[in-house]
Every structure is written in C-alpha cells, then in structure tokens.
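Participant: Sequence:
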Amino acid sequence: MKRILIVKLTSLGDMVFTQPLVADLQRAFPGVKIDWIADSYCADVPRWNPSIERVIAAPLRGFKKKRSWAGLREIFNALRELRREKYDAVLDVHGVYKSAIVSFLARTRHRYGYPVEELGESGARFAYNHIFAPHIDADSSRQRMRRAVSRAFGFALSDDMDYGLVMPPDTPAPADKGPYAMLFHATSSEEKKWPVADWISVGNAIAARGLRVLVPWGNEAERKEAETIAAGVPGAEVMPRLSITGVAQMTGKASLVVGMDTGFVHIADALRRPTVILFTTTSRHLYGVSAPGRAVSLGGHGDIPTRAAVLAAIDEVMGVQPPVTSLN
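Take the position in the sequence shown, starting the count at 1, then add 34; the result is the number in the numbering used here.
Just so you know, the hints here were simulated from the structure itself, not pulled from any lab data.
Hints may contain errors.
Said to hold, decoys possible - With a Cα cut of at most 20 Å, we get these calculated EDC-like pairs of lysine to aspartate or glutamate: (1) Lys287 x Glu224; (2) Lys67 x Asp196; (3) Lys132 x Glu108; (4) Lys67 x Asp78; (5) Lys287 x Asp78; (6) Lys227 x Glu261.
Said to hold, decoys possible - Derived CB-CB ranges, DEER-like: (7) Pro84 x Ser277: 13 to 21 Å; (8) Asp196 x Asn253: 31 to 39 Å; (9) Lys100 x Asp349: 40 to 48 Å; (10) Lys99 x Pro64: 36 to 44 Å; (11) Pro213 x His144: 42 to 50 Å; (12) Arg243 x Ile165: 46 to 54 Å; (13) Arg341 x Lys99: 44 to 52 Å; (14) Ile135 x Thr279: 21 to 29 Å; (15) Arg159 x Arg81: 24 to 32 Å; (16) Asp196 x Ala104: 37 to 45 Å; (17) Glu155 x Leu320: 31 to 39 Å; (18) Asn253 x Thr279: 16 to 24 Å; (19) Tyr75 x Leu139: 34 to 42 Å.
Glycine included, each C-beta is placed from N, C-alpha and C at the ideal position.
Build out the structure end to end from the sequences listed, making use of the hints.
Facilitator: Right, dumping it as structure tokens:
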C-alpha cells in the first residue's frame with residue numbers, strides 16, 4: 035500500500051470520529067500516504083492532522099444551498115484534483131450517494147464500502163467492489179468503523195485511539211485573559227437541546243470554581259440564546275463569531291468544555307480537554323466518550339441529564355474530590 039484515499043465528506047463530529055483511521059492505516063502500512071476528500075465547510079478538520087498528505091475540499095453543501103456556475107466550477111476543480119493521484123484503495127466510510135460518486139470517480143481498482151444494510155443510502159452500493167461490515171460487538175460507532183477497516187485489510191488494531199489533531203498556534207484573543215470554560219449549548223435540532231435555565235445554573239457553578247465562562251454560537255438564534263445564558267452568569271462572555279478553526283483553537287486551550295452531542299465537543303475530547311458531553315436524543319453508548327478523570331458522557335435517548343449529574347461530572351473531569359459523607 036502506497037496511497038489510500040479516505041472519503042468522509044461531513045459532518046464536523048463524524049470527521050473527528052474518523053481521524054483515528056489515519057494512524058491505524060499508517061501503523062499497518064508504514065510509509066503509506068493518506069489523502070482525504072471532504073466538503074469544504076468542514077475540510078479544516080483533516081487539515082489539522084499533519085499525517086494526512088493531501089486534503090481535497092469540494093463545496094458540495096454550499097452548491098446544494100446556492101447553485102451557481104462558480105460553485106459548480108469549484109466542484110469540478112476538486113474532482114480534477116482528486117484524479118491527479120492513483121490510489122491503491124479508496125475507503126468510503128460515509129456511505130451515501132455523493133460519497134459513492136466521489137469514490138467511483140477516484141482513480142483506483144479497489145473501492146471499499148459498507149454493505150447495503152449499513153449504508154446511509156442503499157443506492158450507494160454501486161460504487162464498491164469490496165465490502166466491509168462493522169463488528170456488532172464494538173462499543174462505539176468509531177470503534178465499529180475502525181474494526182471494519184482493520185478486518186478488511188487484515189491488520190490488528192492498536193488499543194490507542196490516536197486522533198492526530200494539531201491545532202494551528204494562533205489562538206483568538208479571549209484565550210489570553212486567564213483560564214476559561216466553554217459551554218456549547220447549541221444543537222442541530224430543537225429536541226436535542228438542554229434547558230437554558232440549566233445552562234445558567236451550570237454556568238454559575240463553573241464561575242464559582244474560578245473559570246471564566248465563554249458561550250459560542252453559530253447562527254442568530256444561537257447568538258440570542260448565548261446572550262441569555264451569559265446574562266445569567268457573572269463575568270460570562272458571548273464569544274465573537276469565529277471560523278471552525280478559530281472555535282477549535284479556543285476549545286483546545288479550554289480548562290473545561292461542557293456541551294451537547296455536537297462536533298466541537300467531540301473536538302474537545304479529541305484534543306484531550308476536560309470534557310462533559312450531554313445526550314438527550316442520541317445514544318451515549320454509540321457516540322459518547324469515556325476517559326475516567328478527563329471525559330464523561332451523560333444522558334441518552336429519552337434520558338435527560340440532571341443539573342446535579344452534570345455538576346458531578348464537571349467535578350470529576352476537573353479533579354475535584356467529592357465531599358466525604360460522615361457515617362456517624
């Protein structure tokens with residue numbers, strides 16, 4: 035194996051989950067070069083991994099939202115860049131039509147993808163001439179993917195899940211004002227949310243522990259909610275609008291990250307920050323993290339985390355010992 039292409043186009047959290055494949059493949063095939071193709075809006079994630087040789091960005095989501103000749107030209111240019119190299123193997127770990135089309139257009143004789151029952155869109159099956167399937171006994175979605183690839187290529191997995199991410203050094207100014215926590219309150223859907231009153235309560239508890247509270251946002255509705263949370267927490271700040279890399283840089287230097295099951299919170303975990311992830315509608319067991327003393331996942335489908343549970347998890351990842359209860 036000399037060169038492998040990973041096809042994972044979106045989303046932010048899924049891009050993070052997939053990063054350990056790079057280290058896995060390079061351990062299995064010393065000297066192999068790894069390329070990655072991603073949607074432009076989240077292509078920064080593989081760019082943070084210095085072990086990736088080449089990142090190809092295609093504005094697929096942007097073109098879907100606003101069709102234009104300029105956007106179409108950018109997509110054609112990305113595909114031309116894709117076809118500049120010939121690959122020993124192409125791994126489509128996304129499993130939808132657009133990733134299958136990209137895989138089919140890549141120059142290779144060996145295209146790997148999931149079986150029909152594991153695909154996001156069953157029609158994507160046309161692109162693959164090799165099939166891998168996740169191990170159903172894996173304890174998380176990212177482990178399923180790692181085991182599927184290792185089984186397909188016949189190598190043993192390391193116990194180490196190496197994300198390989200290295201943040202650019204230039205961090206936005208708020209990092210220079212002392213230690214801080216970040217509260218990622220925003221989610222991709224309303225049903226995933228945690229109550230604003232609970233965020234305010236947790237923010238006050240964090241401030242009482244001596245950390246500044248920073249509240250990020252991504253759109254106008256999230257900005258208004260961030261302002262409401264910050265208004266209820268002494269010294270809290272609503273963060274300025276930053277790029278994905280800018281937010282990730284801030285996340286990488288945070289003393290604590292608490293947030294919903296979203297991409298930036300998984301970035302915090304990948305960067306080994308003290309992290310508490312809250313789940314309300316998705317499976318903690320499939321998508322959560324567990325690193326005793328450093329990262330905790332709470333809640334799950336229909337199981338809303340309580341304030342008390344979140345505060346206890348914060349104490350755990352910050353190394354605060356619980357009070358001793360007298361037996362007398």
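Participant: For the pair we were handed, Lys67 and Asp196, check the Cα-Cα distance against 20 Å.
Facilitator: holds, 17 Å
Participant: Between Lys100 and Asp349, does the beta-carbon spacing fit 40 to 48 Å?
Facilitator: holds, 46 Å
Participant: Please test the hint of 21 to 29 Å on the beta carbon pair from Ile135 and Thr279.
Facilitator: Cβ of Ile135 to Cβ of Thr279: about 28 Å, so the range 21 to 29 Å holds.
Participant: Could you check the hint for me, namely that Asp196 and Asn253 are 31 to 39 Å apart, CB to CB?
Facilitator: holds, 33 Å
Participant: Given the hint of 13 to 21 Å, check if Pro84 and Ser277 actually sit that far apart at their C-beta atoms.
Facilitator: holds, 19 Å
Participant: Taken at face value, is the distance from the CA of Glu108 to the CA of Lys132 at most 20 Å?
Facilitator: holds, 16 Å
Participant: Starting from the range 44 to 52 Å, see whether the pair Arg341 and Lys99 falls in it by beta-carbon distance.
Facilitator: violated, 38 Å
Participant: Falls inside 16 to 24 Å, the C-beta gap from Asn253 to Thr279?
Facilitator: 18 Å Cβ-Cβ, so the 16 to 24 Å window holds.
Participant: Looking only at beta-carbon atoms, does the pair Arg159, Arg81 fall within the given range of 24 to 32 Å?
Facilitator: holds, 30 Å
Participant: For the pair Glu155 and Leu320, does the Cβ-Cβ distance stay inside 31 to 39 Å?
Facilitator: Given a distance of about 20 Å, which is not inside 31 to 39 Å, the answer is violated.
Participant: Quick one: are Pro213 and His144 within 42 to 50 Å, going by C-beta?
Facilitator: holds, 49 Å
Participant: Take the C-beta atom of Arg243 and the C-beta atom of Ile165, compute their distance, and say whether it sits inside 46 to 54 Å.
Facilitator: holds, 50 Å
The structure fails hints 1, 13, 17 and 19 (numbered hints given earlier, in ascending order).
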